[in-house]
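Colleague: Model the full structure from these sequences, guided by the hints.
Protein chains in written order, with this note's numbering: chain B, 1 to 348; chain S, 1 to 351.
Source of the hints: derived by calculation from the structure; they are not laboratory data.
It cannot be assumed that every hint is accurate.
[To be verified] Heads up, incomplete: computed chain S residues facing chain B, CB under 7 angstroms, no partners named:
hint, residue
1, 81
2, 117
3, 121
4, 147
5, 275
6, 276
7, 313
The C-beta atom is built at its ideal place from N, Cα and C for all residues, glycine as well.
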Amino acid sequence: MLLLKLSEADGVSGNEGKVRALLKEELASATDDIWTDTLGNLFARKGKGKKPRVMVAAHMDEVGLMVVGYEKSGLLKVTKVGSVDDRVLVSKPVLVGEKCLPGVIGAKAIHLQKPGERRNILEIENLYVDIGATSKEEAAELVNIGDYVAFAAKPHEIGNNCLAGKAFDDRAGCAVVAELLKEDFPLELTAVFMVQEEVGLRGSLVAAHAVHPDFALVIEGTTANDVAGVKDTGYVTKLGCGPAITIMDSSFITQKKVLNLLVNTAEKHGIPYQIRQLTTAGTDAGAISRAHEGIPAAVLSVPCRYIHSPASIINLDDYKNTLRLAKAFLVAIAEGGLSFEETAEKIK
Amino acid sequence: MDVEKFLTAISEAAGISGYEFPVAQLIKAEMSKHADEMREDTLGNVVIYKRGGGEDRQRILIAAHMDEIGLMVTKIERGGFLRFTTVGGIDLRTIVGQEVIVFGKEKIPGILGAKAPHITSSEERSKPYPSEDLYIDLALPEDDVKRIVSVGDLVMISRKAVKLHGKRIAGKAMDDRAGVAVLLSCLQELSRLEHTADLYAVATVQEEVGIRGATTATYGIVPDIGIAVDVTHGEMPGVDEHRTSCLGKGPAIAVGPNIHPRVGQELIRIAKEYNIPHQLEAAPGPTGTDARAIQVSRDGIATGLVSVPLRYMHTSVELLDLEDIKMAGRLLAYFVAAVNREFVEELKCYC
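Modeller: Have a look at this one:
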């Protein structure tokens, strides 16, 4: 399954090569029209010249770490790439550099801690990646400053029709977009797999400028917080309740007519969906919607518990229903559901 | 079996204190190849007996504990989430975002959920997770959870051992499966040596919850000499180097009140004689190892302690150097081969 391969591949922001290679291989049979840009975004197009021109997009990168120095003992000093909670780093295996050298992030033994020490978090400043090197020189031979460090996590089935693993944000989106490109829609479809979302929506900014579509659909992984001790008003999304539709986040507000079409399409086809409860956090739609003179967009997300940690959970029905709704939505757009020309005329 | 392969297998196996059965199976299967006899006692200690070649055979016990720290289910919350308590000493900061296995009616995978940074405030992230907020997510409906899981079920942190650069390896439960690997290494070395003394190599239970297995094992075996094999803290940033040992520089031989002076000195002498790299560990009182119980069993046992240096103790990435295991095994084998009646008789002479 493509999603499993995508989840396991390491691809911290700026180092998306392995994910890109997997997607390129997957899409080779779907279209010949595949290219990459200066930043490393991957584009694949079908139905060139048709109208409307729609971009479907997901980001390839994941959060992680970067090597910034060596200790005398051979331990590696690291810093964060993207938004990582220091508290999830402790006691985890990682992969370092292009060759994916295995390493671990340890912590001081409980026996050696002073009373009260456990009231403080283990900050990244005091955490090290241990690859087994026994000196600074040995470490420097194996690892370069600037090498990327990714969580090491093999995805696997868990619970009731769910998957556990890392980087479902946004490899789940990548898998959905890849599936969409294998279908045929009566419109020009440009699939874009973007870099550097986690460090500030940077890949999508230039991708949207280059594609300049009539409409962009972003497929994401978003927080599901339907867990123990949380009130239902704080769930953001719930696992197993279908794709999440964004009304607003800190980067983007969905146009009402787009929102209506999404919701109506879901209801017409009996596809479960949910409205994302949170108005903060951002997605590539923020950057895309501000490209050129503005591009209408929508965000559909696969709910994901424990996002940005090495052990997150998605529900496979949510994944399938995200794909179903995205397909039905593209068909609805192709059938004139959003009438782009009319909007452009009005503005003129 | 090669010691690295054995260590990897037993590190990954389950064996939380009081529930050592799964790892004990692996240990019995491998160690029995070196045994003249094998038995288990009431608590579950696995005793491997290797007969010596002497007439009035001295009895040497070498013990390493096979239990590991873990968690235990205390409550099934609404939605099927599990609350838990710890079995043994666990720093709760090290278990957030970990994958686990719950030993219910079936073995089921779970995750110790970590809230996304998007929905936590920076103030929240600057403090450890409150222990009452932690839970295990099985991604199952509550009814299914209730059917499979009960209060009291044990939970293991799930971790594949990771081979690192050179001779280093990391994983869970290296404390003290590393010691069990030393037992195997010692038995393998000993098969090439002559020894007059009888050896009882024991994989003990329940060390992490109060050194219980070693208590009954020593009582049952009545050894002349008892040596515990455990792990000791390896050097790392933020820890006083005088309190730690170096990885890759050989086993640490403990000295102090928990150690019989002649046993300690003999271990050091053997290490020097056979050019076995070693280091000394100052143990100013009863150690947190099986040696603590062995020494005060019956009317007193001459006790020693040999340790494998290990970083990040009681995390799921406990890290050590495989060469230290091999050297510890060699040291103990030569020690066993050197023990004779004279040495044992002198253990009671404090003149």
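Colleague: The structure should be examined with respect to each hint, and the outcome stated for every one.
Modeller: Hints and how they fare:
| no. | hint | verdict |
| --- | --- | --- |
| 1 | 81 | holds, 4 angstroms |
| 2 | 117 | holds, 5 angstroms |
| 3 | 121 | violated, 11 angstroms |
| 4 | 147 | violated, 12 angstroms |
| 5 | 275 | violated, 20 angstroms |
| 6 | 276 | violated, 19 angstroms |
| 7 | 313 | holds, 4 angstroms |
In the structure shown, a violation is registered for the earlier hints numbered 3, 4, 5, 6, in ascending order.
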